[in-house]
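> Spelled out, the chains give:
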Amino acid sequence: MGHSVVDSWRHTAIRMRRAGPAIVRPLTPFTAVILVWQAIAASGAVNSYLLPPPTAVLSRLIHLAATGDLFADTALTVYRTLAGFGIAILVGASIGFWMGTSAFGEWLLGPVVSFLFSTPKISFLPIFILWFGTFDGSKILMTAFICAFPVISACHSGAKDVSRLWRWVGQNIGMSRSRVVRKIMIPATLPALFTGGAISLPFAFIAVSVSEMMSGGGGLGARMMLSARFADSATVVAVIIVLGAIGVALSAALTAARHRLLRWDSTVDTVVA
Amino acid sequence: MTARAVPILLFLGLWEIVAALGFAPRDILPPVHSIAARAVALGTTGELGPNLLTSLGRAALGFVLATCAGIVLGALMSRSRAIEVFVNPVLALSYPIPKPAFFPLFLIWLGLGSPTHVAVIVTGCIIPVVISTYNGARRVNRHVVWTAQNFGMGPTRIIWRVVLPAALPDIVVGIRVALTLSFDMLVSSEMLAGQTGLGFLASYLGEGGDYEGMFAVVLMIGFLGFFADQAYGALSGRLLAPYRD
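Sequence order for the protein chains is Z and P. All letters in the first sequence, in the order written, are residues 1 to 273 by the numbering used here. All letters in the second sequence, in the order written, are residues 1001 to 1245 by the numbering used here.
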């Protein structure tokens, strides 16, 4: 009996040692960074205003969560991100699809899209604030404008690359024009739409945080700017960490949606980053 | 080129007609000709020149720093397991954070001024360069590296003479992304705080009710980004000419 207990312990120890490095290895750099950060902050070599210790950031995070401010800000930022991103997907996919299927659409919009694609679109923010006010409108539409371009160009090339053979097959079995679009063209363009969406999602996040930092009105970006003005660096770092976590969650959600909707697509595992 | 300009001229013409005939209020959509006139006026009164130079200097410095540091870091990551194990998770962690979010932190660290703007640009631009260099360098044919080692090349020389040239096509793509991002980062951080630069000028003119000036500066930033990208495209085409079959 005792023998087997010792054995099972040894087995567990071996298993732990085997599994250990796989779990520990990616965590080591984080732990190292956090330990060095805490050590520097605790040593008093750097002003805690310049480098708040991780413990201070954590307790600020807990405090913000306890007062409910964190959830209100996060909800507002996520809402603006998703609303802008959603508009960009709908409008961008329609424009891109039109450009990919119509020679006139491509001629008319191609040069304008390729010009705007490589311009820093965030510079339009003052114009959007002038047109749509300082509240949700300008933030959401700025986000939609910035995110639309990767979606447009992905859907443009995606719709253009749909095999002619598939369309001909559809026509030959007597499908109507609108049925060919609905049953062949749109599904075949979907993988490109997801690729465009994956590229533009980080931009949605950039657009929302910049416009919140610029014109306030709640949200994580506004909280950061306000905290920076009050020299509250612990809150600034805490919000940066929350933004990173939301970014990871949003892109994981997009990947999961891609896997669910595009199980039939051979490029479903393609990583876009 | 000329054929592609036709739709753009059509849009500008439509804009001019809508605005000049009064279909849209003048402070919502100023006509194109008055924006152009205001742009010239901003140039002659000296409001534009210094801000333009300041912005270009910041963008250039941030972009060059990010590119150099990114290439070095990416190359080191591909050659050293220890650096890779350390840098990879840090990259993965910082990748999803919107980079302008570091602006308030840099503001606290570096104060108001060019260092903060340059730091935001470097933070925003470095990741695509690191990732593309790393990916390109990892794909380098091992036999080529072994051959270089057999010829007695040291590790530094191998990185410079073998790994980086072979990874150049990937690096060029990463730098293009960084170039576009550098303008985004520049404008966002200048709009957020400060008294200098094109981003500041655009939001300052807008807040003061000079909407023609604001449109002029915004469009100018757009053209700058576009021409930088076009110039880079032409340059990289020349750089990569020896790599084509």
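Where hints are given, some of them may not hold.
[Stated by the list, open to error] Which stretches of chain P does chain Z cover? Using the computed rule of at least three CB atoms under 8 Å from a CB of chain Z, they are:
1. 1103-1117
2. 1182-1193
[To be verified] In silico contact screen, one side only, chain P against chain Z (beta carbon under 10 Å); selected entries:
3. 1006
4. 1029
5. 1032
6. 1099
7. 1100
8. 1151
9. 1153
10. 1154
11. 1155
12. 1158
13. 1202
14. 1218
15. 1225
16. 1229
17. 1235
18. 1239
In case anyone wonders, no lab produced these hints; they're calculated from the structure. Note that CB positions come from ideal geometry on N, CA and C, so glycine has one too.
> If a hint holds in the structure, say so; if it doesn't, say that too.
Status of the hints after comparison with the structure:
Against chain Z, the segment 1103-1117 of chain P contributes 6 residues with a C-beta closer than 8 Å to a partner C-beta. That satisfies the three-residue criterion, and the hint holds. Only residues whose C-beta sits within less than 8 Å of a C-beta in chain Z count toward coverage, and the segment 1182-1193 of chain P has 7 of them, enough to reach three; the restraint holds. Interface restraint check for residue 1006 of chain P: the shortest CB-CB distance to chain Z comes to about 8 Å, inside 10 Å, so the restraint holds. With its C-beta approaching chain Z no nearer than about 9 Å, residue 1029 of chain P sits inside the 10 Å limit, and its interface hint holds.
Taking 10 Å as the C-beta cut-off, the interface hint given for residue 1032 of chain P is violated, the closest approach to chain Z being about 14 Å. For residue 1099 of chain P, the suggested interface contact is upheld, since its CB lies about 7 Å from the closest CB of chain Z, less than 10 Å. Hint on residue 1100 of chain P holds. Least Cβ distance to chain Z is approximately 5 Å, under the 10 Å limit. Hint status for residue 1151 of chain P: violated, given a least beta-carbon distance of 35 Å to chain Z, over 10 Å.
Contact between residue 1153 of chain P and chain Z, as hinted, is not supported at the beta carbon level, the nearest pair being about 30 Å apart and thus beyond 10 Å. Taken as an interface hint, residue 1154 of chain P does not check out: its beta carbon lies about 28 Å from the nearest beta carbon of chain Z, beyond 10 Å. Against a cut-off of 10 Å between C-beta atoms, the interface hint on residue 1155 of chain P is violated, since the closest Cβ of chain Z lies about 23 Å away. Hint on residue 1158 of chain P is violated. Least Cβ distance to chain Z is approximately 26 Å, over the 10 Å limit.
A least Cβ separation of about 5 Å between residue 1202 of chain P and chain Z falls short of the 10 Å threshold, and the interface hint therefore holds. A hinted interface residue such as residue 1218 of chain P counts as satisfied when its beta carbon comes closer than 10 Å to some beta carbon of chain Z; here the least separation is about 5 Å, so the hint holds. Against a cut-off of 10 Å between C-beta atoms, the interface hint on residue 1225 of chain P holds, since the closest Cβ of chain Z lies about 4 Å away. Proximity of residue 1229 of chain P to chain Z holds as hinted, the smallest CB-CB distance being about 4 Å (cut-off 10 Å).
For residue 1235 of chain P, the interface hint is violated, the least distance from its beta-carbon to any beta-carbon of chain Z being 14 Å, above 10 Å. Against a cut-off of 10 Å between C-beta atoms, the interface hint on residue 1239 of chain P is violated, since the closest Cβ of chain Z lies about 18 Å away.
In this structure, the hints that do not hold are numbers 5, 8, 9, 10, 11, 12, 17, 18, in rising order.
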